[in-house]
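Asker: Here is what each chain is made of, one letter per residue.
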Amino acid sequence: MTPLLAVRNLTKSFGALVAVNDLSFDVMEGEILGIAGPNGSSKSTLFNLISRIPFGADRGEITFDGERIDGQSDHRIAKLGLIRTFQREAVFQSMSCVDNILVAIEQTSGARGRQAERMADEASELVGFPRNFHNLPAATLPVFYQKQLMMTTAVAQNPKLLLLDEPASSLVESEIGWVRETVSELNAMGMTIMLIEHVLPLLMSVSNRLLVMEQGNIIALGDPAEVTRNPAVVEAYLGQPA
Amino acid sequence: MKYAPSFQRTNGFWPVVIALCIAAALPFFFTETHIRHILILIFVYAILASNWDLSLGYGGIVNFAHIAFFAIGLYTYGIAAKIIGLDPWLALLLAPVLAIAFAALLAIPVLRLEGIYVILVTIAAAQLLFQLVVSQGDFTGGTSGMVLIPRLEIVGYRLSSDGRIGYYYLSLLLVVFSTVFLYKLERSALGRAIKALRDNKYYAISRGVSEGRIRLLTLCASAIFPGLAGAFYGAYLRIASPDVFGLGFLTITLSILLLGGISTIWGPLIAAVVITAFAEILADYGASRSIIIAAMIIAVVVVYPGGLYAAMQEIWGLGTRLRTNVTAAWRRRFQASLRQEAMGVKDHLVETRHGPVSVCDTGNGDQTIIFVHGNSSCKEVFRRQFDEFAGQYRLVTFDLPGHGVSPNGNPDEDYAVEAYAEIIRNLVDSLDLKTPIVFGWSLGGYAALEYAARGTP
Amino acid sequence: MTLETFAFLLASGLVLGGLYALMASGLAVVWTTLGVFNFAHGAMIALGAYIAWQVTQYTTGGAGFLLGAGVSVAIMFCLGFAMHYVLVKPFELHANLVLLAVITTLAAASIMENAILLSWGPRDKQIAPPFTGNIEFLGTAIGIHDFVILAIALAALLALALFLRRTTAGRALRAVAQNREAAELMGFNVSRLVAMTIGLSAATAALAGVFVGSLRFISPTVGTDPLMKSLIVVILGGVTRFTSPIYAAFIVGLAEAFSAYFLVLYWAPAVLFAMMIIVLLIKPEGLFGRRTRTL
Amino acid sequence: MGRYSRILAIGTAICALTTSAAMADLVKIGVLAPLTGPTASDGEEFVRGARLAAKEANANGGIAGHTFEIVTADVVDHSAANVTSAVERLLGTEGVHIILTGYASLSMFEVELMAEANMPYIAAGPSPQFAGIVSGDPSAYDCCWSFTADFKGYETDVTPTIEALLAAGHFPLDNKTVAIISSDNPYSKTISEGMKSAFGDAGWTVTVDELVPFGPVGDWRPILAKVRENPPDVVINTDYIPSNAALFTNQFREDPTDSVVFLQYAPLVPEFVELTKENSDGILYNAIGATLDVDAWPRGQEVAKKYKDEYGVASGAYGTGLYEMATVYFEALDKVGDPTDHDAVGKAIVETKRPVTSGFLEFDPATHVARQGIDHVPVTFFQIQDGGGVMISPDKYKSGEFKKPGWMSE
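Chains as they are written, first to last, in the working numbering: chain A, 1 to 242; chain B, 243 to 699; chain C, 700 to 994; chain D, 995 to 1404.
Here chain A stands alone, though its shape is the one from the complex (with noise of 0.2 Å):
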């Protein structure tokens, strides 16, 4: 089985500091590949690399579905099928919430008019976003909110790969929940995601595989119930060896 993204070699240095250290790993089809790693370990700067949002990498190689995108333009890739979300929530904060899922559905469907509306009511659906809130100003919406609506907003484009960026941070149980069955139903629908998570519980319930990061590195990748037996795993979260 080919992989649907394959990295190879990744790097990226800012000045004398290398924030990602020749990073090499495939992303199966219809799989849930589970990010983790402490603070600064450059989980996001990883998603930052393949999306080439906002800057791309310094050397490597990203075949995505077959195809290399490590020189494509950033727009160019998100139209492929490979979205991101972003770890603060963001909204187009001058648009309405439904102007804000509709953007993302005619970049890259090219739906217009209602087909494109109805695209967006299923989005929604599909997150739970409710579609009351569809009129509001996205700037309005509470966080828990405005996460929901990125959310849908990727899902609104039927991705390929999705990549998620700590969609549970800063939410509550009960919102964690959601992330929980929505990132299970989306990958039950045949979604292939990557998953960013400082919430280990959630991250492990949901990963088919664990990839754990540090310091621009991988140090771990595999079942998860085996990468956090790993001691350079517990090392690096715990700061000592068990």
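Keep in mind that the hints were calculated from the coordinates and are not lab data. Hints are not guaranteed to be accurate.
To be verified - Pair by pair, the computed Cβ-Cβ distance ranges are:
id	chain 1	residue 1	chain 2	residue 2	range
1	C	G734	B	R595	41 to 47 Å
2	C	V785	B	W683	51 to 57 Å
3	B	G254	A	F55	39 to 45 Å
4	B	C263	A	F55	53 to 59 Å
5	B	A541	C	F836	51 to 57 Å
Even for Gly, the Cβ is constructed at its ideal location relative to N, Cα and C.
Assemble chains B, C and D onto chain A, guided by the hints.
Answerer: For chains B, C and D alone, kept in the frame of chain A given last:
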């Protein structure tokens, strides 16, 4: 669910229709060419400013070469119609094409820069264009400009005849087309992409918006009508002179845009009227005129950074609040008996933390039921319950702030479920309702839940 | 080209450069601190010149010139200080600060220019230069006054640089320019510091105005050309360091002098604007700039 | 958008109010003038000259039963938009039956607006531009007349005048070289081009030929450096902006060459001498339409004196010029009687044949421009001596003799 009402069903529809009718009828009231000239100028400024808003307000690209689109339209018309000898109407249509071409050229440096650097590079580009125009004296007439540019005619009828009525309607038509264009564009997929890119660049790109393409399209789209207006201006005044590149022209247009309010289509249109009319009224005051207008601009910008349009909406809102307050007061005063008939008891105002609310209280019975009505409703909705339960319980209901005959509340504080719960709490305290049963309907239900969540004392 | 011509052009370019440096550094200081472009800078130059002219009407000679310059600098400092509270402060935190500042400063420029027109009339005036006569410079003659002005301009810039680097107030200003939030958290009165920056900028504008008014002539619109020149200088030099626009000013001054001789003066403005676009494209932070901002 | 129209209605109503009050026998004289902006000092003169003429006419009991009042409209920076607005304001003012100006736009495009409205218009702007518009179809512009005479003399007369000075032995002729500097505006450029060919035809060599951009010039030294490398017999600068010309003079005097210096127009403006002081002594300039304030031309002396008595300052060319334009109109109105008959007024103006401050005024029917020449409006040459302009040529009017400038070698 998408609810984007068609224009016919928005609040703006009738004002626009009325304004349009007035604009169409004005030449019959003002036959002097002077006033028609001012109106035509207003239209030209309105086109310039409102289209500038497309790049500056919606697109977030501070393009100080916007007036250059107008200048290009002007000179294109002049050179094509006078020197090349093209039919004036064709020259008129050629103007926006060249303006778009310049916009595309301008996009090259603009795409690579951000913020204040965009201002600087566009100022430089406009100045460079100015130098170019002035240096090509053989075609452009150099610093004094080219005169006797062919005028527009329709089968031999000069648009300038009959007190310029032809030019008046042509400019009105341009404003209408330009506004329809902007209105449609703002609501189109392109318009959404433009706004998305401005609101949150990287998020927009991650959703497939191509920054380069959208910025290019924004600039090009904002060049069409200024180019056309420039050609119109040339045909109307019959002169193309380089003073359109000057700081004066730029300042007026920018003042109109910012005074009107950015990211609105209507703001610049309103401000074009205000500023041009103001400048004309003060025309006899020489240097003081400029001082007064500049001071006025500073005052408006300082008090209302959102511009006149925001100010108007605020005033409109104040007016509405005042009107509803007065009606509510009038009803409290004169229609009390009507309501008493429905409810069986007379209502009265009770002071709470969120202002006075109108309360019906049957006043007897050990167990109290408080009824809380829903959104856009009023306490009288519970008249049947009052009929039914009167005698068994003490029944209390009230109008939420801004509903029924309660006075308006403060929009920032009083229209929230938390505030409603506090009102219930205040009522319980002040009317000594002990441990009431709270019945909420719709929005009132949320209020009741919130009240419950706070723990009954 | 003879040595005399070369020396002559050199002197001419240096004097221009000194003037531009003074004009541009004021503009750059505000830009760095507030991130706004002050379109009233040209009008401030004009107003400064007229105030000094008024003073020289009562006292003549070298004393009058110095007194005029002093009074003008003092008044303009206060005016600049006050301008912050009227033109920028009210919407300091608004999302469109840059744009709103463009329009308020343009309006302020219009008010100042027209107030000058009302108070002093439209006719050209000159601030009597205290030194007349020429000095020999590598075999060519240049007005003594030009050299004195170049010296004062450099001294003023040096004083400003020392103020920013060596004094507590200057350091505070630089702190605000580098990181406003941090400065606020550290308990600086940021508003007053920013107002002081604009005041300093207005003071340098006044000095530049006095020089322009004594080297050339003043009219209500005398500031228009200096504004454009300062803009070019600031873009070429960048604003990352206090010294960047100063180098650029001398480059522009010398380039103007020599290009007018070797090419034609006619194309000088076009060449400058083309240069500006190219620099913005290749190195938007300016020829001497780095990506971080400091005063 | 309801407010939109309401504000418009109020605005226009106020405009209408201010323009409608008019008295039957009161003729308003419209004056287009830069009341603000960089040329406001000239604008002040326009208005003063016209006001003086109206005051005088009213004091004499009016013309053909009419009294006069001046209404002004500000053209600010002479931009097309501002000039058009000002013209429209005057055209829209009830009771305005004549419009005068020193100059409104550099291109004279407003002539077209006047012709369309059939409004009598006497202007003193650049005559080549005026002629360019009118000569295409003179009969369509019967209401428009240029008080400024044909500019041809500016181009042709400098060469013979300087050669005459040479012939008179005022200074030696080394090698017949001339440096010509011009500013890129139609006035300066047309004149300098004409001069170049005139000097060329007379066998001169042009050593420096420079064009500077229109607008303020910050430093003339690089150009002066070129001039100095090869000192010419004559240095000519046609940049007419007074502050530019004054700076040129001051910087030239830092290290002068052994040359005659000729400047175009600027020395006519009073502040030129103020700004240059003794540096300008010896400078040559000429004028077509300058006030002939000399014994040989009583009309010039008379009006110049009137103006000075009234306002306490000497008039430049425009103060007396506007006075004379108003006089021309009064004469035409006296013949016609009815100020509202614009056609007749226009036709009466063409018949004007009278002495005015600048010479003998007569219009050329082909271009509607005042005729130029020794018997009409002459080109007069001046030299600044002791801070004042002394007319040194033509002989018919001259009030003094050329003096060798202090900077030239013996």
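Asker: If a hint holds in the structure, say so; if it doesn't, say that too.
Answerer: Cross-check of the supplied hints:
no.	hint	in the structure
1	C:G734 to B:R595: 41 to 47 Å	42 Å, holds
2	C:V785 to B:W683: 51 to 57 Å	52 Å, holds
3	B:G254 to A:F55: 39 to 45 Å	43 Å, holds
4	B:C263 to A:F55: 53 to 59 Å	55 Å, holds
5	B:A541 to C:F836: 51 to 57 Å	52 Å, holds
The structure meets every hint from the earlier list without exception.
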